[in-house]
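Got chain A; can you put chains B, C and D on it based on the hints?
Read off the chains here:
Number of protein chains: 4
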Amino acid sequence: MKKIGVFTSGGDAPGMNAAIRAVVRTAIYKEVEVVGILRGYNGMIAGNFIPLQSHSVSNIIQRGGTILKSARSKEFMTYEGRKKAFEQLQKAGIEGLIAIGGDGTFTGAKVFYEEFGIPTVGIPGTIDNDLYGTDYTIGYDTAINTALDAIDKIRDTADSHDRLFFIEVMGRDSGYIAIACGIAGGAELVMVPETLTTIEEVVQTINQGWKRSKTSSIVVVAEGDEEGNVHEIAAKVAARLEGKYDIRVSTLGHIQRGGSPTARDRILASRLGVAAVEALLAGKQNIMIGVVNDEITHVPFEDAIYKEKPIRQEFIELVRILSI
Amino acid sequence: MKKIGVFTSGGDAPGMNAAIRAVVRTAIYKEVEVVGILRGYNGMIAGNFIPLQSHSVSNIIQRGGTILKSARSKEFMTYEGRKKAFEQLQKAGIEGLIAIGGDGTFTGAKVFYEEFGIPTVGIPGTIDNDLYGTDYTIGYDTAINTALDAIDKIRDTADSHDRLFFIEVMGRDSGYIAIACGIAGGAELVMVPETLTTIEEVVQTINQGWKRSKTSSIVVVAEGDEEGNVHEIAAKVAARLEGKYDIRVSTLGHIQRGGSPTARDRILASRLGVAAVEALLAGKQNIMIGVVNDEITHVPFEDAIYKEKPIRQEFIELVRILSI
Amino acid sequence: MKKIGVFTSGGDAPGMNAAIRAVVRTAIYKEVEVVGILRGYNGMIAGNFIPLQSHSVSNIIQRGGTILKSARSKEFMTYEGRKKAFEQLQKAGIEGLIAIGGDGTFTGAKVFYEEFGIPTVGIPGTIDNDLYGTDYTIGYDTAINTALDAIDKIRDTADSHDRLFFIEVMGRDSGYIAIACGIAGGAELVMVPETLTTIEEVVQTINQGWKRSKTSSIVVVAEGDEEGNVHEIAAKVAARLEGKYDIRVSTLGHIQRGGSPTARDRILASRLGVAAVEALLAGKQNIMIGVVNDEITHVPFEDAIYKEKPIRQEFIELVRILSI
Amino acid sequence: MKKIGVFTSGGDAPGMNAAIRAVVRTAIYKEVEVVGILRGYNGMIAGNFIPLQSHSVSNIIQRGGTILKSARSKEFMTYEGRKKAFEQLQKAGIEGLIAIGGDGTFTGAKVFYEEFGIPTVGIPGTIDNDLYGTDYTIGYDTAINTALDAIDKIRDTADSHDRLFFIEVMGRDSGYIAIACGIAGGAELVMVPETLTTIEEVVQTINQGWKRSKTSSIVVVAEGDEEGNVHEIAAKVAARLEGKYDIRVSTLGHIQRGGSPTARDRILASRLGVAAVEALLAGKQNIMIGVVNDEITHVPFEDAIYKEKPIRQEFIELVRILSI
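Protein chains in written order, with the working numbering: chain A, 1 to 324; chain B, 1 to 324; chain C, 1 to 324; chain D, 1 to 324.
Hints may contain errors.
Same chains, same label: a pair holds when it works inside one copy or across any pair of copies.
As the list claims (entries may be wrong) - Lysine to aspartate or glutamate pairs mimicking EDC-like chemistry, simulated, CA-CA at most 16 Å apart:
{"#": "1", "residue 1": "K2", "residue 2": "E33"}
{"#": "2", "residue 1": "K74", "residue 2": "D246"}
{"#": "3", "residue 1": "K244", "residue 2": "D162"}
{"#": "4", "residue 1": "K30", "residue 2": "E317"}
No lab work stands behind these hints, which were simulated from the structure alone.
Just chain A, with the same shape it has in the complex (with noise of 0.2 Å):
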């Protein structure tokens, strides 16, 4: 392989530069070209093709975002799409792709391969760490501690009030974010989509909490619980508390993709980076290359996108006992 393609695709997350950096440098020690492709999928199409040199990854490690750019592709769910991908690709020399992103990179990777034969390896990008086979996806620490940076100072605001916050974090179907920032907030209770938590254990947790002289609470809420969304939920534990305790609701949004990436997010980057091409140049496609017990691991796409990845029940007990 003389010449590979990198790319981030879907909802960028911190880190995924670091990443292009550890691809870039990576590719350049191992004597390999290597080219950036901007926008994900749309820019494959469309030939949006980048000569990357060393130098120009310099000073990105630190950055949040993706100096690739990333889309949502809905040409390249096309056959039409994919085959005008694959004669840009073709065209520009691109013998091998990494790609950045999720589940649904992921499967237009593999379908890309089946169809054209163009192998690629990906590289778990996205902050909800909800792909299976890999601990830890890039983004996830720095979600989460953005989140609780936030959580810690709407805390301020609640003791100073005596007031019962509902926060709501990032995570879809997934409450990986949720459970980490309800352990590391020191929330009441945690609310995720994998586990059914009813309105009514909402109100007795609370009610318990405050008999025992609590006079602020925190409950944190993933946008997917099964219990609708954060202001529902609100509106709900509000009519059964009868105004009780003064409530208010906070969305964190869109802050938890950007910033600056911690430690191991960079980190972990670096050595999935580092990993992906030295797997893409060994032959290997069709596997994401994750990070089990602190080891690199190659996880077939299949497994990636349609294997279940369980939050640790024991964590929700964890918040249990901590908020007595």
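For chains B, C and D alone, kept in the frame of chain A given last:
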């Protein structure tokens, strides 16, 4: 005066603890006893007083929120409530008050003085910076830096996805936070209650920016803008832009009230706290301590509450030039 | 067991408060009385005990330092000192101990148990991450992020002035902090006690980087490197580089011990705190609670203290590839 | 004037990029061509000029350092050097200059104007805040917040170990950073070059504090204090305190120059940048743009360089009262 009380009231603001510390230590330095009144006027009515020593305020200068807690009191709005408060103060031997808060707090103090003759000196503590008679209020500098940090994070993701973001910051009646964040955050446009910005202007500015090959844009909106809340504004703009851009909305919310105060807020709070005790002991009442052109001022409560403090129109213009 | 004591000892680490909170609340949850021992073994000898309730540890999870204070005790190294400590514990009815600290702390606990039979369970709290039997120690994740934030700031000025910076991070006997900061900070080179890096190699790496048109460089040095302290190393390198580069030195120092703990450190501390109380109540003694491959482990004090925990040599290689 | 140049010179300061952005965009807004001169006067002599467009300064407002790089130039101190610089400017058609830097930078600009008639307008960019004619310089607000954050972290460990810390902050000739950090950091004492503080006074203050049951203390020392550097001061104090306290020293160093600028520094830099271009185009030269009482001022270089800007003595007193 042998004994004074200090309390925080209304919305909390970062730096209130630094002000409490300064009040307590200055009182002790002047050999006056000082008592903390918990939860604002509610605690005054209930007689929730705690004696404060020098070490009571150790290690709090860096903390958000208020160790004396805060509240809005409905009972203090009645004559009966104020009478109870007066009796509690008399019983405890408290002869003067330092009130840390905003215009609601000072309105209460003014009436209270007129009815019961308890002298009060006010310290402006509110993130909104909308009090006449002081260039800055405690908490404003921290709030704009917190909001700015969030905007920086959102810019990472806006830029990675070529998005147009509408970001709502606090300021129900005032654009102080919005205008500062707009300039410092490199926004295309700022929408504040004090100035009319039509949807038409927003659409034009966005379109012009993208013609000049901008790929992402940020519009900062104060909560009290006359065009509606941030979701309504974004929807109106989206309707006019006909799907050309990927538009998102983010409401920063309560994080803006919390966090460790900045250097400026701590210094401001320290200076105001010292000056407030000095003024009270010198026989002043019904005044707020302010800082104008970096010098301490005494402002009658009446002025602080009722006079207008306009934002600088040149700053709106500044955003326009710098987003070219 | 009806009553247990908890204390922090040795160098403080961010997250110790989160561990104290977890210990206290788990004990209460298990209906066991819990007492805080102030200033480590010194406070045990002096009988400085304070009863702890659930609310005693409210709102501390996010705070650096330790509310129980810490110290190194010379008196506890003598039999006489330990005897006094034992008598104080007996008088207070304390039947078991949770010790939060590093190898010095656990050495003391081990001897104490052998002489007086007081069962102790240890929690690894040290920023150095050099304890065998646990993948991570409390404080390490925060320390590397604090150091990284400083390195990011120094890179700003290094880059603006085309400078070569030698940055010393903590780690007297261990390169854990240095290696993590080196990878995450995009350093050219990392110098750690565990591996020999000659001045010659440093000079070569720097020269090669600058030939490839690098204009600024960072070398991360652990305090305990065998080539001397950071000033000596910088001077030796400067002598060899013959004034070609503008060389500066920065020692990060004590900031690495402070600050609000990261999400990871709070979660780790919470898990370890719960598991420590459970182990003590289950009759365990002379063990440290650790986390290996994300699962709780019980490690004999002897192993934790005496066994080696090597750093990953591949990480040294990683720095070399990525600084190309 | 059809074409102007902008450069940064001397020590870098956070917010310089925000100033560059404002200069570039204002020039474009006024339909004047703008060129970036790399590495200060050295780049002027070497003719290292780069054309700047609006997008050249996109997404830099939040970055520390300077995209134009900075240097101190020995060659520009010679007539020969300045002549070369003049010839390069002539060749490039650059008719006026915006210089971002401190007194060394303005001294050079003044001489250059006198010899070659190139009009220059200066923007005060230095963390030290020691330039006459402006209340604040770009970078000062960020530097004090960075130093304060470090002091907060050190207080965590000082407090956990009952230590006395001497912390050195930047300010070779000026105590501006030290005094701000001293007030905001809750220091016992601040030692600045402008005021004599004897070792005797330090010893007394420390002893008095500990008599009032303080258990930890912080003394902030400016690098240029007349009693020597922070290590010498700490040693002298230690000798007098006869081992009563556990004394440590920390030098904050270069981190104070880096980091993302605060809201204030970005707003200040933006205002100064706009005003500088307006002044240059209006035919002004040999002046620095400043801000006094929140209004833009024009200060002759001569005044900015030679006049004294004293620190507020009342602030020294403030520290004394508040550390009671």
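Comparing the hints with the structure gives:
Proximity of K2 to E33 under the C-alpha cut-off of 16 Å is restricted to the intra-copy arrangement: shortest distance 6 Å within a copy versus 43 Å between copies. With identical chains, the CA atoms of K74 and D246 are at most 16 Å apart between copies only, with a shortest distance of 14 Å across copies and 45 Å within one. Only within a single protomer do K244 and D162 lie at most 16 Å apart by alpha-carbon distance; the minimum there is 11 Å, versus 43 Å between protomers. For the identical chains of this complex, K30 and E317 are inter-copy neighbours only, at 14 Å across copies versus 48 Å inside a copy, given an alpha-carbon limit of 16 Å.
Violation of the numbered hints given earlier is absent; every hint is satisfied by the structure.
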